[in-house]
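Listed below, chain by chain, are the residues.
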Amino acid sequence: MSSTSTAIRFDEVTLGYGRRPAVHHLDGDIPAGSLMAVVGPNGAGKSTLLKGIVGTLKPLDGQIRLKGSASGIAYLPQAAEIDRSFPLSVYDLVAMGLWTQSGLFGGIARRDRTRIEEALAAVGLIGFERRPISTLSGGQMQRALFARLLLQDAPVILLDEPFTAIDAKTTADLLDLVRRWHDEARTVVAVLHDLDMVRRIFPQTLLIAREPVAWGETGEVLSPENLLKARRMVEAYDPHADVCHRSAA
Amino acid sequence: MLDLFYTPFAEFEFMQRALVGVIAIALGGGPVGVFLMLRRMSLTGDAMAHAILPGAAVGYLLAGLSLPAMTIGGLFAGVIVAVAAGLVSRFTALKEDASLAAFYLLSLALGVTIVSLRGSNVDLLHVLFGTVLALDDSTLLLLASISTMTVLALAVLYRPLVLECVDPIFLRSVSRAGTPTHLIFLGLVVMNLVGGFHALGTLLAVGMMMLPAAASRFWSSDITMMMIVSIAVGIVSGFSGLLLSFHAELPAGPAIILSAGAIYVMSLLLGREGGLLWLAWPGRHLEA
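Residue numbers (full-length UniProt numbering), protein chains in the order written: chain A, 1 to 249; chain B, 1 to 288.
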């Protein structure tokens, strides 16, 4: 992967629900290998943007182009969306990360078992293999999901609020993995709320409030003026909104 | 003493056939029931069992108590109601449980009306509660084929079925198997209900699915183990239900379901995974 190639390209993308845009006219590139934060108030379209990239939500307008296929994306949605009461062991949950490789019926070879153990070790869950996922704490569950991401071995990794309601120790451990992915030249896009963390660790930032507010070097994007602008933009919901006539690409 | 358990099956062919029939039903229905329960679709199973009735009734109207006519009719009606309920819940404000309730009430009323158009009350009882003691060769073959197909299909679909329950978003992000898996699974449910319908009737067929499955949840938190327990519970209740009906001269179908119900209540009380007795007297808390 050369650092100049593009991992994800947005051509005047509008994403939304019904006909109402949640992400409005986003245009630009995410270079391969970048470590990018997506920041903005609640309802700004951050999660919607990730759904658009994964392909579970089709753009209302414009186009999202991926280098490689959608199966090259590993996606961690917000924590609440998993049925934790389901009788499944930590090991089996993590092993699902091998799906793209083993598919519907492929077996799990000895080499894969080693990889699963390595992934569990990397997130500090050795000894948890046989535990049902219903017994995990929020932080342990997030560690297990990161282990699954490790196994997916994808060139593009999307994280939706991965550290919300997670304690400092776990956050630090998981951030190490994020750095490791960055060092391995993977593209990482994370939706985050902790601006200090973004400034410390993420070189690139997209500030969004339905419309993109600013996109580029984190230091410049997170200026007080931009943040204020973002806060003002998002609340408007107009029940009589007109049809948008801005041209798509 | 052993004679009580053995003789009825050794001496009477209809008892042998009934036993083979319920074993076949348990083999297919047990695992399907476990997945229905894990997918929180237990009531969906119940509703679909009722939904089969008008289809089977139309078959009956056209061809009398004919196996192929009632089977095909039942399959059609089951699939139509499953799809219709899915569409209504997806495109209107009504949730799936409400739309299923509406459809199954309609189906039950329609089915009973259609059967009464032509038949006697005996036929109506036959359709509602089945004839497990009068299974002929072709019906047994049908039951055996259904359970074989079910077990094979579940083996193939196991991963996406599990994943679609736990983490549907992840499944969607790695594979397109989710929707076809769900549809095939609904097909399996309908098939097993139609099979169970011939032996136990439209009202009790779902009992051989849900009672063993619900009982199995109290013995294991491992899906494979739950399916095995569920099958075993089905077979044991079939066996003991038939004996009960033979010795006490009870109707066979209800006796089988009552046996399954007894095992369920026992599991509810004693089951190692969250049974009531263990909840009431858990013992003193542990070190860690």
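Bear in mind the hints are in silico, worked out from the structure with no lab data behind them. Warning: the hint list may mix true and false statements.
[Said to hold, decoys possible] Now the stretches of chain B that chain A is said to cover, found in silico as 3 or more residues with beta-carbon under 8 Å: (1) 24 to 38; (2) 159 to 166; (3) 172 to 178.
[What the hints assert, rightly or not] Residues of chain A clear of chain B, computed beta-carbon distances all greater than 12 Å: (4) T6; (5) D11; (6) R19; (7) G62; (8) I126; (9) P132; (10) D194; (11) E225.
Idealized CB from N, CA, C, for every residue including glycine.
Cross-check of the supplied hints:
1. Residues of the stretch 24 to 38 of chain B with a Cβ under 8 Å from some Cβ of chain A number 1, which does not satisfy the need for three, so the listed coverage is violated.
2. Counting residues of the stretch 159 to 166 of chain B whose beta carbon lies closer than 8 Å to any beta carbon of chain A gives 6, which reaches the threshold of three, so the coverage claim holds.
3. With 5 residues bearing a CB less than 8 Å from a CB of chain A, the stretch 172 to 178 of chain B meets the requirement of three and the coverage assertion stands.
4. In this structure T6(A) is separated from chain B by more than 12 Å, as the shortest Cβ-Cβ distance comes to about 21 Å.
5. The Cβ of D11(A) lies farther than 12 Å from every Cβ of chain B, with a closest approach of about 22 Å, so its non-interface assignment holds.
6. The non-interface label for R19(A) is consistent with chain B: the shortest C-beta to C-beta separation is roughly 17 Å, beyond 12 Å.
7. The non-interface label for G62(A) is consistent with chain B: the shortest C-beta to C-beta separation is roughly 21 Å, beyond 12 Å.
8. No Cβ of chain B approaches the Cβ of I126(A) within 12 Å, the least distance being about 17 Å, so the stated non-interface status holds.
9. The claim that P132(A) lies off the interface is violated: its Cβ sits roughly 5 Å from the closest Cβ of chain B, which falls inside the 12 Å cut-off.
10. Interface exclusion of D194(A) from chain B stands, the closest Cβ pair being 23 Å apart, more than 12 Å.
11. Every Cβ of chain B is farther than 12 Å from the Cβ of E225(A); the closest lies at roughly 36 Å, confirming the non-interface assignment.
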